[in-house]
Amino acid sequence: MKKVFLSDWFSRLVDALLPVFATMAALLVGAVMLLFLKVNPIEAYKALWEGAFGTSNAFAETLVKATPLLLVGLGICISFRGDVINIGGEGQMIIGAILATWVGLTFTSLPGWLVIILSMLAGFLGGALWGGIPGVLKAYFRVNEILSTVMMNAIAVQLMNFLLRGPMIDPAQAELASQIPQTARLLEIFRLPRLVPTRLHLGALIAVGLAILVYILLWRTTLGYRIRAVGQNPHASRYAGIKVQRYMVLALLLSGAFAGLAGATQVFGVNYRMITDGSSSGFTGSAGFNGIVAALFGGLHPILTIPASVLFGALLVGANSMQRVVQVPSALITALNGLVVVFVVSSEIVRKRRQRKREAVAKRENDSPPSSETDEKQTQQAEAGL
Amino acid sequence: MISDLFSTTVLIGILASGIRLSTPYLYAAIGETFGQKSGVLNLGVEGQMLLGAFAAFYVALTTGNLWFGLLTAMIVGAVMGLAMAYVTVNLHAEQGISGIGFYLFGLGMSDLLFQKLMGTVETVKGFPEIYIPGLSDIPGIGKIFFSQNILVYIAYLLVPIAWFVLNKTTLGLKIRSVGENPDAADSLGVSVARIRYFTIILGGTLSGVAGASMSIALLNVFQQNMTSGLGFIAVALVYFGAWRPLGVLGGALLFSLINSLQLWVQVLNIPIPSDIAVMMPYVVTILVLVATVSKVRAPSALTKVFERGD
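Quick mapping for you: the protein sequence lines, in order, are chains H and E.
Residue 95 in numbering that gives the first Met the number 0 sits at position 96 of the first sequence, with consecutive numbering throughout.
Residue 198 in numbering that gives the first Met the number 0 sits at position 199 of the second sequence, with consecutive numbering throughout.
Just so you know, these hints were derived from the structure itself, not from any lab.
Worth double-checking, as some hints may not be accurate.
DSBU-like cross-link-like pairs, simulated, lysine-lysine; straight-line CA separation at most 35 Å [stated by the list, open to error]: (1) H:Lys356 to E:Lys124; (2) H:Lys242 to E:Lys303; (3) E:Lys124 to H:Lys37; (4) H:Lys351 to H:Lys362.
Bear in mind that the values here come from a model prediction, so they are computed numbers and not experimental data.
Between the sequences and the hints, there should be enough to build the whole structure, so can you do that?
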């Protein structure tokens, strides 16, 4: 009996480590690609590691990059749990950032702490608006959210370009012939405080705090329970009296809100102004997409999304140093990110098969039924892995 | 001035470039229609297009042969499709998410290859316009419909062919049944896996052509992320067109015509901010989706993993 327990424990550990194996497989493919590029993979990965974790500054940069990934990822945990696919993180970040920046540039006579709180709220609301619209379209007009969020991304980018070239342009730039499309800089008292003498800012702590809050929201509140119930079985939820449409909208709205907050922290914690190169990734650094990757990697669990975000933040920062040291374009890391996603979703089947096997074994040994405690653990784990 | 928009030359110009601009959407969206009809949502279209665009451009540039370029793009798209099929059919991976993975892969890979193999933006002489004898001389209509490059003509031929295959052939029946009720199809001896492999690889091939139609026929350059969301819009057009090739054509045309209109608005210096003009096709697409899509039902098994019950 004890032996069974031990092997069970081991197989669960293997399951939990599957994403790590998947990442290693992707890095292995990356090594082969590096060989084709006539670059020593060990040297390249060493540069990547040192760029991401080598010094305290490097590690701080990693955390700075991880912050928007975590915030977007938290939103993704909520929406994907509600079976709503939100690909609109990019647009939601942009709108959140625009609203937050507007607050920061408008209420210049208010005390710093108040403006920071107000602008973070504005970011949250902006993202909620940009996520809520596709939510309403899905719930009440049956417009597929994948499409509408993609369209909303494109609209947000153009809105940003328009505002930064016109109504919101830095007055100093407006007088120049070059007219760089950017807003004025935020006052120093409005910036998110730095934590240690690096670029690491308060946004990182906010994000971690929110991760715990999202965990509580999803598993300890009625709202979260209903979002998940709608995600797992909308029909049953409807029979149970849950207003399915309302929770669909809420899932997308909350998801967008977190992305909006991510956009706001980018402005108030990192750049201190908005600037556009015409594309969405120019502002977001593709965090709206990479946040999805991080959340999936974390098994759509808010707490596990924290280390996942750090990992992908590290890959992004490390990619830049790899580009500097061994002259490999950082695009390689984008490609590897894609492979990680593919490998991680593909490895799910291993976990499912093993779980099924375990269940079959449990059924066979039904004369000693599993205690309710392990049962609960199992469902928890199943939920975490979903 | 705004009245310039309504001169015949400009109207013909808008229509002609609208038809031309619709080609990448058509290829990608027709391919995606096959996939979705069989129950597979491929969100990796954008990545397949980018790799296809690069492959076509690079091969055309180095060999000087546009057809080799096109062929390479098709092969690259097909290989991406094959990988997608393996992951979603054999490994039961979530379709939407693996699609995002393939998108990121194509985005990064095409950029990487571009930087390593080319480094700078170059141009090729793309597929020339073919003037169809007789027809291209018809005033107006000739310029709009019969003075386009070969990939435009093929794209428009593809629409009735896709309609015919999906609705009038046994293969089409199998594709539709696999997308509506895979269990029933399976019990009747249709191989769900084989059909889905076929549609996903076909979709990838056509996405490759879509990319090629941009890099060696429409724009004749390759740049990083040159599709900038076009592949996602192609997926949207499938919903928009309610999974019917003709509907997809309507959507692609509407989107491209508005796009073409906004380009001309900028050319003619009409005082609408260009950023707002660029936004218009997206806004209109959302509005039309709201007005139409709710009446049609997606294939029942779309995004659902098929597992044989033992």
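Hints, one by one, checked against the model:
{"no.": "1", "hint": "H:Lys356 to E:Lys124", "verdict": "violated, 59 Å"}
{"no.": "2", "hint": "H:Lys242 to E:Lys303", "verdict": "holds, 24 Å"}
{"no.": "3", "hint": "E:Lys124 to H:Lys37", "verdict": "holds, 32 Å"}
{"no.": "4", "hint": "H:Lys351 to H:Lys362", "verdict": "holds, 16 Å"}
This entry does not satisfy hint 1, going by the numbered hints stated previously; all others are met.
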